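Number of protein chains: 2
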Amino acid sequence: MQLIDGKAVAAQIRREIAEEVVQIKAAGGKTPHLAAVLVGHDGGSETYVANKVRACEEVGFKSTLIRYEEDVTEKELLACVERLNQDAGVDGFIVQLPLPGHISEAKITEAIDYRKDVDGFHPVNVGRMSLGMPCFLSATPAGIIELLRRYNIETKGKHCVVLGRSNIVGKPVSMLMMQKATPGDCTVTVCHSRTRNIKEICLQADIIIAALGVPEFLRGDMVKEGAVVIDVGTTRVPSDKTKSGFKLTGDVAFNEVAPKCSWITPVPGGVGPMTIVSLLRNTLLAGKKAIYV
Amino acid sequence: MQLIDGKAVAAQIRREIAEEVVQIKAAGGKTPHLAAVLVGHDGGSETYVANKVRACEEVGFKSTLIRYEEDVTEKELLACVERLNQDAGVDGFIVQLPLPGHISEAKITEAIDYRKDVDGFHPVNVGRMSLGMPCFLSATPAGIIELLRRYNIETKGKHCVVLGRSNIVGKPVSMLMMQKATPGDCTVTVCHSRTRNIKEICLQADIIIAALGVPEFLRGDMVKEGAVVIDVGTTRVPSDKTKSGFKLTGDVAFNEVAPKCSWITPVPGGVGPMTIVSLLRNTLLAGKKAIYV
Chain A
4 MQLIDGKAVA AQIRREIAEE VVQIKAAGGK TPHLAAVLVG HDGGSETYVA NKVRACEEVG
64 FKSTLIRYEE DVTEKELLAC VERLNQDAGV DGFIVQLPLP GHISEAKITE AIDYRKDVDG
124 FHPVNVGRMS LGMPCFLSAT PAGIIELLRR YNIETKGKHC VVLGRSNIVG KPVSMLMMQK
184 ATPGDCTVTV CHSRTRNIKE ICLQADIIIA ALGVPEFLRG DMVKEGAVVI DVGTTRVPSD
244 KTKSGFKLTG DVAFNEVAPK CSWITPVPGG VGPMTIVSLL RNTLLAGKKA IYV
Chain Z
4 MQLIDGKAVA AQIRREIAEE VVQIKAAGGK TPHLAAVLVG HDGGSETYVA NKVRACEEVG
64 FKSTLIRYEE DVTEKELLAC VERLNQDAGV DGFIVQLPLP GHISEAKITE AIDYRKDVDG
124 FHPVNVGRMS LGMPCFLSAT PAGIIELLRR YNIETKGKHC VVLGRSNIVG KPVSMLMMQK
184 ATPGDCTVTV CHSRTRNIKE ICLQADIIIA ALGVPEFLRG DMVKEGAVVI DVGTTRVPSD
244 KTKSGFKLTG DVAFNEVAPK CSWITPVPGG VGPMTIVSLL RNTLLAGKKA IYV
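Top line first, the protein sequences correspond to chains A and Z. Each step along the first sequence adds one to the number in our numbering, with nothing skipped, and position 175 is 178. Each step along the second sequence adds one to the number in our numbering, with nothing skipped, and position 112 is 115.
Don't take every hint at face value.
[To be verified] Examples of chain Z residues toward chain A, derived with CB under 10 Å:
(1) Gly46
(2) Asn128
(3) Met136
(4) Ile156
(5) Gly160
(6) Thr198
(7) Ile204
(8) Val217
(9) Ser265
[Unchecked claim] Just the calculated beta-carbon pair ranges, DEER-fashion:
(10) Gly223(Z) - Lys183(A): 25 to 31 Å
(11) Ala82(A) - Leu206(Z): 55 to 61 Å
(12) Val25(A) - His105(Z): 40 to 46 Å
(13) Met136(A) - Lys28(Z): 39 to 45 Å
(14) Tyr154(Z) - Ala82(A): 35 to 41 Å
(15) Glu228(Z) - Gly135(A): 56 to 62 Å
(16) Arg70(Z) - Glu77(A): 43 to 49 Å
These are calculated hints, taken from the structure and not from any lab test. Given the structure is predicted, the values throughout are model-derived calculations rather than measurements. For every residue, glycine included, the Cβ atom is placed at its ideal position computed from N, Cα and C.
I would like the entire structure built from these sequences, with the hints used as guidance.
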């Protein structure tokens, strides 16, 4: 069994991006600029956005944080999106989800100019991804593909089982894994809460991508010898062994599953660190106008 | 074994649409208007477009056919698309594919206002479909779903195997079949040219959607007893038994497979007749501004 070290790969990619930013600046080019919009004071969202802003600074991007209180109206937020759409100085921006209940996340997401949608959530980017066209890939699917690429894990003709059909992981990663591409070219099965024989299906998998959000769902007796297992789960499970009082727990019962795997991602330190890197990469691409003019 | 009669279902839906058009007109509403753009004189395209225009007339729509010679420039065609985008009288329009090699199909497709894209090929419609949002569904996937719906075929929790990963059938129908919806809620496996154990996978399927474009690919020994088989293939195979000199042949070896099925679509007369009906339905929805304002 070998560990897929997402933390190390993410650090390597950050270095690559930082070097490219140095070159861009040296050549008199524009410093990539990410803006992040944060509504309210949810602890998780605060942390995520703070990490994104810090990551931008570390690679030499310009970053702007725009904050609104919980009671911002949808209209005000749409006006903010429109300002960012029009602002030629901003290459890409994100509106951190979830938003308060009185604001339509779909409406906000669709209002973002898809050419600045570095989260890859806009229907144009989702559609282009599905069609195999250049686009901003959303962070988690892109991070998974990049890990498979960097570790040279063979995917062509393999049977990839995706657990979960969410719009942000299961569906897009299944599309990417079936694409005529490298990584890709897999036979893909998507399982979810309605799947009846999930154990039987998992036992056929060469590659399992677990994204159900159910802690330790995938047990040792559900995985065949030599499988590649990618664990997307990050559920906070109460724990008396950590200072924070919880423990990040994946969808994979690591101790049981790992001994059977050829490759496996740990939680934490697997897919997680890759997601911010994907956002940085999209912002770099946006700054270079590499996907959309 | 029972036949899924696409011709009969299509006729029924045409009647329903025609009735609704009568009511719309009686209430002083706008007659739905489809425009079709045809470039060149390809025999297949001529026939398809002629059938679409005739189908429009039969249900009481207004239709307009715009023709260009093979040597039309991309710029001229883009200008035509822009005129149709701006024309408030036109509810929806299609540009018949394939286009001559000097014109980018992707560029033309993306230039169409997605609110008039009744073919459902624009990235916005593809993306919204994937995200489970209201949209114009493309014709073949929509026709398949409608057949399953009209025949009350149980899909929830079933294992649906899709053969083929094309942008116009395999990928979108796999997305629809996994969606939390009825029909839908299937465990979905997508197989293609790189799949190694396709027979073994097909034998696990409760529902098989064959869209490889390989005549009689699916043989009797690849299907389990009681399966539902949807045949999307329509390859012209030379034949000395027909006046035209060819025979429309599906991806399913019907004589071998049908006896094992609970339900099966014939070719012709299965999925084929549903595709034009899906276009009519999208045009009706466009006329009513039921999806986009």
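| Whether the CB-CB distance between Glu228(Z) and Gly135(A) falls inside 56 to 62 Å | Given about 37 Å between the Cβ atoms, the range is violated.
| query | Is the interface hint for Asn128(Z) satisfied, with its Cβ closer than 10 Å to some Cβ of chain A? | reply | Constraint on Asn128(Z) satisfied, holds at 7 Å.
| field | Closest C-beta approach of Thr198(Z) to chain A relative to 10 Å, hint status | value | Holds, about 4 Å.
| Hint check: is the beta carbon of Ile204(Z) less than 10 Å from a beta carbon of chain A? | Holds: closest Cβ of chain A sits about 7 Å from Ile204(Z), inside 10 Å.
| task | Kindly confirm whether 43 to 49 Å is satisfied by the beta carbon distance between Arg70(Z) and Glu77(A). | result | holds, 46 Å
| message | Holds or violated: the hint that Val217(Z) contacts chain A, with Cβ atoms closer than 10 Å. | response | At 16 Å from the nearest chain A Cβ, Val217(Z) fails the 10 Å test, so the hint is violated.
| task | Under 10 Å, Cβ to Cβ, is where Ser265(Z) needs to be relative to chain A, so tell me if that hint holds or is violated. | result | Hint on Ser265(Z): violated, closest Cβ of chain A at ~18 Å, above 10 Å.
| message | Tell me if the interface restraint on Met136(Z) is satisfied: Cβ within less than 10 Å of some Cβ in chain A. | response | Status holds, d = 7 Å.
| request: Please test the hint of 40 to 46 Å on the beta carbon pair from Val25(A) and His105(Z). | output: holds, 42 Å
| Does the nearest C-beta of chain A fall within a distance shorter than 10 Å of the C-beta of Gly46(Z)? | violated, 27 Å
| Hint status (Cβ of Gly160(Z) to nearest Cβ of chain A, threshold 10 Å) | holds, 5 Å
| message | Can you tell me whether the CB distance of Met136(A) to Lys28(Z) sits inside 39 to 45 Å? | response | At 40 Å between Cβs, range holds.
When the structure is compared with the earlier hints, violations turn up for hints 1, 4, 8, 9, 14 and 15 and for no others.
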